[in-house]
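Residue numbers (the numbering used here), protein chains in the order written: chain A, 1 to 359; chain B, 1001 to 1359; chain C, 2001 to 2359; chain D, 3001 to 3359.
If you want the ones that stay clear, here's a sample from chain A, every Cβ over 12 Å from chain C, calculated:
| id | residue |
| --- | --- |
| 1 | LYS58 |
| 2 | GLU71 |
| 3 | SER99 |
| 4 | ARG151 |
| 5 | ASP161 |
| 6 | LEU164 |
| 7 | ASP170 |
| 8 | SER172 |
| 9 | GLU184 |
| 10 | VAL217 |
| 11 | HIS255 |
| 12 | ASN265 |
| 13 | ASN276 |
| 14 | GLN307 |
| 15 | THR320 |
| 16 | GLY321 |
Restricting the straight-line Cα-Cα distance to at most 25 Å, the calculated cross-link-like pairs of lysine-lysine (DSS-like) are:
| id | chain 1 | residue 1 | chain 2 | residue 2 |
| --- | --- | --- | --- | --- |
| 17 | D | LYS3312 | A | LYS73 |
| 18 | B | LYS1356 | D | LYS3033 |
| 19 | D | LYS3185 | C | LYS2256 |
| 20 | B | LYS1256 | A | LYS185 |
| 21 | A | LYS312 | D | LYS3033 |
| 22 | C | LYS2033 | A | LYS356 |
| 23 | D | LYS3312 | C | LYS2356 |
| 24 | D | LYS3322 | D | LYS3199 |
| 25 | C | LYS2213 | D | LYS3312 |
| 26 | C | LYS2199 | D | LYS3256 |
| 27 | B | LYS1073 | D | LYS3356 |
| 28 | B | LYS1256 | A | LYS199 |
| 29 | A | LYS33 | C | LYS2356 |
| 30 | A | LYS308 | B | LYS1256 |
| 31 | B | LYS1312 | A | LYS213 |
| 32 | D | LYS3256 | C | LYS2308 |
| 33 | A | LYS73 | C | LYS2356 |
| 34 | B | LYS1213 | D | LYS3356 |
| 35 | D | LYS3356 | C | LYS2312 |
| 36 | A | LYS356 | C | LYS2073 |
| 37 | A | LYS256 | B | LYS1322 |
| 38 | A | LYS356 | B | LYS1312 |
| 39 | D | LYS3356 | B | LYS1033 |
| 40 | D | LYS3356 | B | LYS1356 |
Simulated from the structure, these hints should not be mistaken for laboratory data.
On a predicted model such as this, the values are computed, not experimentally measured, just so you know.
Just so you know, even glycine gets a beta-carbon here, dropped at the ideal spot from N, CA and C.
Protein chains: 4
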Amino acid sequence: MNTFGNIFKLTSFGESHGVAIGGVIDGCPSNFKLDLDLIQAELNRRRPGQSRIVTQRKEGDQVKFLSGIFEGKTTGAPIGFIIENENQKSKDYSHIADSFRPSHADFTYSQKYGHRDYRGGGRSSARETASRVVAGAIAQQILSSLGIEIRSFVKSVGHLDLQLDQSEIDLSNIDSNIVRCPDEKMANEMISLIEMIRKEGDTIGGTIQCIIKNCPVGLGEPVFGKLHAALGHAMLSINAVKGFEIGSGFEGTLHKGSEQNDLFNNGSNGIHTLTNNSGGIQGGISNGENIYFNVAFKPVATIMQDQKSIDKEGNEVIITGKGRHDPCVLPRAVPIVDAMAAIVILDFYLLDQARKIAR
Amino acid sequence: MNTFGNIFKLTSFGESHGVAIGGVIDGCPSNFKLDLDLIQAELNRRRPGQSRIVTQRKEGDQVKFLSGIFEGKTTGAPIGFIIENENQKSKDYSHIADSFRPSHADFTYSQKYGHRDYRGGGRSSARETASRVVAGAIAQQILSSLGIEIRSFVKSVGHLDLQLDQSEIDLSNIDSNIVRCPDEKMANEMISLIEMIRKEGDTIGGTIQCIIKNCPVGLGEPVFGKLHAALGHAMLSINAVKGFEIGSGFEGTLHKGSEQNDLFNNGSNGIHTLTNNSGGIQGGISNGENIYFNVAFKPVATIMQDQKSIDKEGNEVIITGKGRHDPCVLPRAVPIVDAMAAIVILDFYLLDQARKIAR
Amino acid sequence: MNTFGNIFKLTSFGESHGVAIGGVIDGCPSNFKLDLDLIQAELNRRRPGQSRIVTQRKEGDQVKFLSGIFEGKTTGAPIGFIIENENQKSKDYSHIADSFRPSHADFTYSQKYGHRDYRGGGRSSARETASRVVAGAIAQQILSSLGIEIRSFVKSVGHLDLQLDQSEIDLSNIDSNIVRCPDEKMANEMISLIEMIRKEGDTIGGTIQCIIKNCPVGLGEPVFGKLHAALGHAMLSINAVKGFEIGSGFEGTLHKGSEQNDLFNNGSNGIHTLTNNSGGIQGGISNGENIYFNVAFKPVATIMQDQKSIDKEGNEVIITGKGRHDPCVLPRAVPIVDAMAAIVILDFYLLDQARKIAR
Amino acid sequence: MNTFGNIFKLTSFGESHGVAIGGVIDGCPSNFKLDLDLIQAELNRRRPGQSRIVTQRKEGDQVKFLSGIFEGKTTGAPIGFIIENENQKSKDYSHIADSFRPSHADFTYSQKYGHRDYRGGGRSSARETASRVVAGAIAQQILSSLGIEIRSFVKSVGHLDLQLDQSEIDLSNIDSNIVRCPDEKMANEMISLIEMIRKEGDTIGGTIQCIIKNCPVGLGEPVFGKLHAALGHAMLSINAVKGFEIGSGFEGTLHKGSEQNDLFNNGSNGIHTLTNNSGGIQGGISNGENIYFNVAFKPVATIMQDQKSIDKEGNEVIITGKGRHDPCVLPRAVPIVDAMAAIVILDFYLLDQARKIAR
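I would like the entire structure built from these sequences, with the hints used as guidance.
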């Protein structure tokens, strides 16, 4: 299941230390002029080595398009692309060829498939998400031409949680700091925390919030294609994600209906709800309000500390962290959340459009 | 998108106040002896009027099978079934034909489709989930024959949260009380709270936890078919669900990798992890530990209090709660969570099996 | 695999002698006013007992809609429907419970599924196609509102082949005789042949031609979604179909490129091809010319003569034809070909529309 | 729709004169040792320039695997691969940038997509089928390990038709001549005909027959997943294919049921049918006999003669054949038919296996 989407579809391939990763985007609207620099810019937001709080691995992460684009515009043919793996350092991983790193996919891949590319996690590596960023960046350009804007940011790192109301958040500030939290004071605290965690050879989790503005009313395909179910699926498919909540989410379970219901109002700017606990989706269909949701990332499993584990014969071994890993994956995960959100929204935009026949 | 699943697939149809709801189950293994009473028993767990803390609507919810079962056993042909709508009382809903109830799907369905069956929420009604319970009950029987057990229970209602360790929970107690919380003391508190809320004409949310035991190692199809992504999709497609978390979920974002990692151990009962923050799934694939996840339900949107809203011309109206609704949907949602979990697990069991060729 | 289509999807269920057959139509455009009488009229064209040259079984074949239609219009919700099996006469089939009829699906179903509803062929009976006619009749109404017309007719029965040029065929004559061949003289010959075959207790095959007029340019989704590949798949899924050819088909293999190529011409009525050997589809995409294709039906396998066969223990048995079967399935298959063509064309119309974003 | 298959899936990308063509194979069984030379050998059977009766274009057609194979064995991860386009000579095609070649996809692609890579047919070029040969060659190796053998050959070129009974055909002779007809005398006649046609600057069509031996009983998924419907879909998706027939096909429509029915017999080698007019498939499910079908290829549209056509403004133009094209595509299409057949059979093998649960 390496394909995602219904109409606008990404098929992804590639291992962390193989020849290349890449993908095929099928169902992209034709005759659309793409800005290839913007696509690379999104990849650069995900790239290792971009700041002192992320892994210092060097990967150029240059995307190379093989098909589907002609004279700068999409042709409606599938867009094939690759990103070559430059900095493979496979030696780093020989020590884990026969052992199972704790809370990694080594054990489950080995059991399921009987044969496993252990180098850097192989297919289970988050390196795969670069392909999603390519597809998402294309989707974002098309959505942008339709006026739809998607912006994600780091909401929390460990206990440091930006609990501002959405109206107080300045989304234009997201990339103004290396942790991608739009509040400068909180961003600095997060950066300090991550640096401390890194010195301990440890890692830390956090949450990303994504906000989608100007989504038209009507996207989402009940019953099983509810828009937030598709967004949840998309987010939960990202490495290290353990939770998803839309609108008031888990917090909303503490409240009464009389407090949670979003009342409709027909004001000067048209029909809107006075509150937005629904998170912009009602009955699985967008209602024109901002869509927002939170995504929970566990701490990265690779730590620079010795851990007990077992090898494939079941013998006890000590796993010693090596290589250059992220103390906190959140800053680099922001463009991945953006990308998956964009793929879902464009896909459901196209689906909704399919059934609107002129009468 | 009224079909769910890859190999074992449910297609669902029907409105709250139409002739009947029903479904078609495709891809069911053949030659399997079904216990039809057990299927009806699961429907009865979801049925209105089962206790004093749920809606007092009367619906027999008798499932009638039309195909796919012959001489008590599945034939491999699609299993068609219907549940007739007995107690339609469509008059109850005439007052909302032209108005949009707050935090319901009235507005979004109306905008998306241009024409809407407003009676009782029509297609957006949670009545649709009865079809899922039928399919899920069949899946559960097949899983049970494979030794896999799925048990869900009410973990929290409002602020009342059963924060026990899994080892302390007696899953055999789930149906020993009307709220379906396996801890008697907590159950009584929840029941009191729900009764109080009902008297206020209000509603309250909560969470359900689902535990899956004896799931074999190897279920899940990375990258986009991660097992918890499929479970999340399934749960988020249930009416009123606003959040999903697997394993330590949102709580786990507060901790360090050194605290969260689940260390492997080869003990007397084979390879297991010493902790289970992963929730039984690593890299999107089941690892043999208990799978567990939480599902957040918002408070029911229909309250017995006056609420401001608008009609389809945009005029302000007052919506006055009528009919017989649930003050808390959680007790009746337990079999729905069970059902969707069973559909996912069986589907991925079959998928995993597909690719295991003898060599 | 009881679901067909991408956007406009039919899921079919039911056995020949079960409680009912039926289906679920998902993805139907909403707010479309349906003429239910026209749907029943198409079913009546497929119904047993309609004339002296078809089976004399009595089945009312009354469709009953359960959902998805409200106040006469589609709501966008799935359209569930059933057709009850009235005239089951299961006794007729007890003699074949343990034996395999030649060139039927008895043997293969038995081997594949391990358990089989043998009554009247069960799931393998062509009775299932009634569900397709319902969905196709709905698709035809929507297509008709878009100006697209689909007409099928019996082109050949045995060696009697209507080898007229399309321009010489009067499609309005199709239903003017009981064999559904638009040429009166040929129709009479076909009827005589079928009556003779019936007296012999034998059966005969033939071909149906389908013509689709006013299909807009641009339907079809290369590479694997070529329009004629989808049409071929649809036709080959009909019981007894053994061949499909588009445009000049098999005959075209005998000719040279210089003879087969369809030259473009920009005449008074716009761009058209001077010939139409392509059958209205080039590169898998409709080109605006008439789409036409032929479908080959083998003779019905059930004959009123004794045939040697085996039972499930492998013992030799004599199968003696009983019941009321069709000497020639072609006249009743015409509305089935119409239906499957309509489902494909509407589905690809919606697919094509999905990707046309405003720019 | 550039993805084909249900469990074993090929996603294809690439244009004739882009950077590369390629594909992604998802769902391949893991831990299978691949012979990469055999894959290249199949590509070489499709490659231009392989003999004097095919196009003299030079393309190395070297496949390069990017992922999914580790230490010579499949890992269960998607197998990404590319074939670089070496010999692009895009100048050859500038003359058709603005004109529509007769019976090509130039017009329909242009109308559907609004923007088209005209170089060498772009996405509509049969060059795309090289990706299918790669996936098919992998499928064939897996099928071969299961004892299933797939062999296609040229049955007819124009009127030259090898009308031998299957028992008289020596499938080991297929590659003993450049036209891939297993009868030496007929092969020589075909070669002479193709050479004559080439001298005329013309092209000629023909048919390919495919025979599948040792297919186990039980493959095929009724109703819409009948095995021959899937095979038909697969074949009709190949460039230039206009017809498909299984078993006795169109010829069988001329006969009576008493002549066509395949009688079962329990002989010394188990249960078999005495004849095989069904073509190895009954009720959409394989019955253990040889599966065989014919595929009709129209003559190649590109001829070396002047043809009238129009440009994109609708002006009349003369299209003059240039470049190096095939006078007859049949010899090179044999491995493509093999490949698509193998993909279908493996896919349905895996599907069938999915639902066989141990009880």
